[in-house]
Amino acid sequence: MIGRTPPWILPLVGLIALVWIVPIVGLVVTSLRPISEVILGWWSLDEFTLTLDAWIVVWDKYPLAYAFWISCKIAIISTVIPMLLAPAAAYAFHFLKFRFRRLLLILIINAFVLPNQVVIIPLFRLWRDLGMIDNIWSVIIPFAGLSFAWAVFLVKNYLEDFPTELIEAAQIDACGPLARFFYIVLPNALTPIAAVGILQFMWTWNGLLLPVVFLRDELPLPALLARIQGVYDRNWDQVAVAAIITTIVPLIVFVVFQRFFTAGAQTRTGGKE
Amino acid sequence: MALAADIQGGPSGPPSDRPRTVGRRQLSDTQAAWLLLAPLLIFFGVSVVFPVIETIRLSFYDIRGLAPARFDGWGNYSTLFSDPNFLRSLRVTLVWAISATVFSVAIGWGLAMLCALDPRRTLVFRIMIFAAYGVSEAVSGFMWLGIYRPDYGLLNGILEGVGLSGLTQPWLGNPSTALGAVIVAYVWTQVGLPLMTCFASIQSIPKNLFEAAYIDGAKPASVMRHIIAPLSMPGVRVAIFINLLNSLKAFDLIFMLTGGGPVRSTETVGFFMYRESMLNFKLGYGAASTVILLIAVLVVSIPLILKRTADAR
Chain A
8 MIGRTPPWIL
18 PLVGLIALVW
28 IVPIVGLVVT
38 SLRPISEVIL
48 GWWSLDEFTL
58 TLDAWIVVWD
68 KYPLAYAFWI
78 SCKIAIISTV
88 IPMLLAPAAA
98 YAFHFLKFRF
108 RRLLLILIIN
118 AFVLPNQVVI
128 IPLFRLWRDL
138 GMIDNIWSVI
148 IPFAGLSFAW
158 AVFLVKNYLE
168 DFPTELIEAA
178 QIDACGPLAR
188 FFYIVLPNAL
198 TPIAAVGILQ
208 FMWTWNGLLL
218 PVVFLRDELP
228 LPALLARIQG
238 VYDRNWDQVA
248 VAAIITTIVP
258 LIVFVVFQRF
268 FTAGAQTRTG
278 GKE
Chain B
176 MALAADIQGG
186 PSGPPSDRPR
196 TVGRRQLSDT
206 QAAWLLLAPL
216 LIFFGVSVVF
226 PVIETIRLSF
236 YDIRGLAPAR
246 FDGWGNYSTL
256 FSDPNFLRSL
266 RVTLVWAISA
276 TVFSVAIGWG
286 LAMLCALDPR
296 RTLVFRIMIF
306 AAYGVSEAVS
316 GFMWLGIYRP
326 DYGLLNGILE
336 GVGLSGLTQP
346 WLGNPSTALG
356 AVIVAYVWTQ
366 VGLPLMTCFA
376 SIQSIPKNLF
386 EAAYIDGAKP
396 ASVMRHIIAP
406 LSMPGVRVAI
416 FINLLNSLKA
426 FDLIFMLTGG
436 GPVRSTETVG
446 FFMYRESMLN
456 FKLGYGAAST
466 VILLIAVLVV
476 SIPLILKRTA
486 DAR
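Chains as they are written, first to last, in the numbering used here: chain A, 8 to 280; chain B, 176 to 488.
Accuracy of the hints is not assured; some may be wrong.
[Stated by the list, open to error] Taking lysine to any residue pairs in the SDA-like style, the calculated list, with each CA pair at most 20 Å apart, reads:
| # | chain 1 | residue 1 | chain 2 | residue 2 |
| --- | --- | --- | --- | --- |
| 1 | B | 482 | A | 164 |
| 2 | B | 457 | B | 253 |
| 3 | A | 104 | B | 202 |
| 4 | B | 394 | A | 16 |
| 5 | A | 104 | B | 404 |
| 6 | B | 382 | B | 351 |
| 7 | A | 104 | B | 487 |
| 8 | B | 457 | A | 15 |
| 9 | B | 382 | A | 166 |
| 10 | B | 457 | A | 135 |
| 11 | A | 104 | B | 210 |
| 12 | B | 394 | A | 15 |
| 13 | B | 482 | A | 135 |
| 14 | B | 482 | B | 467 |
| 15 | B | 482 | A | 15 |
| 16 | B | 482 | A | 109 |
| 17 | B | 457 | B | 293 |
| 18 | B | 382 | A | 13 |
| 19 | B | 382 | B | 294 |
| 20 | B | 482 | A | 108 |
| 21 | B | 482 | A | 166 |
| 22 | A | 104 | B | 382 |
| 23 | B | 394 | B | 269 |
| 24 | A | 104 | B | 486 |
[Said to hold, decoys possible] A short list of chain B residues far from chain A (calculated; beta carbon distances all over 10 Å):
| # | residue |
| --- | --- |
| 25 | 204 |
| 26 | 296 |
| 27 | 311 |
| 28 | 337 |
| 29 | 345 |
| 30 | 395 |
| 31 | 400 |
| 32 | 465 |
[Stated by the list, open to error] Cβ-Cβ distance ranges computed for the label pairs, FRET-style:
| # | chain 1 | residue 1 | chain 2 | residue 2 | range |
| --- | --- | --- | --- | --- | --- |
| 33 | B | 382 | A | 223 | 53 to 63 Å |
| 34 | A | 195 | B | 336 | 50 to 60 Å |
| 35 | B | 224 | A | 259 | 50 to 60 Å |
The set of hints was computed from the structure by calculation and includes no laboratory data. Every residue gets a Cβ at the ideal spot worked out from N, C-alpha and C, and that includes glycine.
For reference, chain A alone in the conformation it holds in the complex (with noise of 0.2 Å):
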């Protein structure tokens, strides 16, 4: 509470915070009235019916179910893969000698800033002369490889503030480097694994380049929306039930977690938290 609190204020955000929605209303209110309604506009009130006769056609027109499984796959792999990898890798970083350790450190980091288009042409000649386009894993390993340069940043951040009193005493106890890190740093660091799984699981179920590049049938949600609404453009009612389902996993994902994305989002520029 800063102050006084003008009586304007609470209004004013409240409009347009509900401005701010429509689209999302929009969308869910598409999907439940019938197309003969939702084509003279969503909003329109001269007939008003509720049905739920989208949901349940839509499964058969579109392989919504198969592309909802493609996602899952290839989210939860690739959210998995950092979220063991970039903790043993900030460990040793932070707690390790080992010679082109900084350089290795400042090369991971910096990656951040790449765009996902670099990978395109590259990968896209390399899993062709390996027979990988169509394979999900085509997708999931640029996922992961691109996810390292915040996902270490923001595990050794946290790691900054480890106490080395409790590394030091296991050194004394005679713990060595791999026993350090998997009884004493690992358990204790599963807080920046969590964002770290959180974030990633967003942008891997949401990312949409990828999936419309290297995969042909075995495609994940998003890129399926894209294409079923440059083929079936009438359809809006069942279109709008696909886009519910595409998103429905990541957006109550992101507003349980919502503050892992303002923390995970300065990681991501090199703002510390």
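For this one, chain A is given, so just place chain B on it according to the hints.
Only chain B this time, still in chain A's reference frame:
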């Protein structure tokens, strides 16, 4: 799982097995470090180091589809800078990045300052606005298609409703409005982030500053101008960088809304490279445009890179 063998000598073994001196077989720091880093380095090599080097290499080759690559020197680059489509995509990217960043950050910052005056009761509103940032861009694209549709789109519907039917038009089909329309949709998705980072900055301003100001008789407007605005700059800076970087790479929303059209009026460099390499199969040419994009992104992020490099201990 090979790691398990090395750990056995550690604290998990029975106490009697644990000699005080480091006698058991134990990895040195260096060995352990490389062991822990190796899997990450493989991923990183395949999806960062190799693509960057390869993109730069391929940008000097003439590659069309499956035909063998032919070394072409600076050919791709000189073609790029005489290609009106590429020059337009540079202009579109500039307009896109600057206006998207300015509008997102200005709106987000403004909202953050308003919300900071009553943090508790505006929580729901903040989440509502932030939620747009959590919607997949593919889905946002579909929503905004519904708003911009020439027949029964929401925007034209509103314009007709308020008696401005003269202004109705195919917003995404008209080359002079398409870019603006896509930018508005993009700003809608992005505002949540500056709102949150700026809000966090304002929240971390020490409360006694406000008390002192009010005791000295400062009005809310001058508190806003002299305390809140300058002290929320860290959040604003973060937001500007994220928005600039994201908008330079933007692809998803353009892909959903216009596919770069009409007449390539919404084609950014990030989309140009997709069209040239994946739709026109000119991989070398696409690579050259990627290199330009890469240079733009690097230039924008120089301050961040310097800071990260200096902080990397």
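Q. Going through the earlier hints one by one, which of them does the structure break, listed in rising order?
A. 5, 6, 8, 9, 13, 14, 15, 17, 22, 23, 25, 26, 27, 30, 32 and 35
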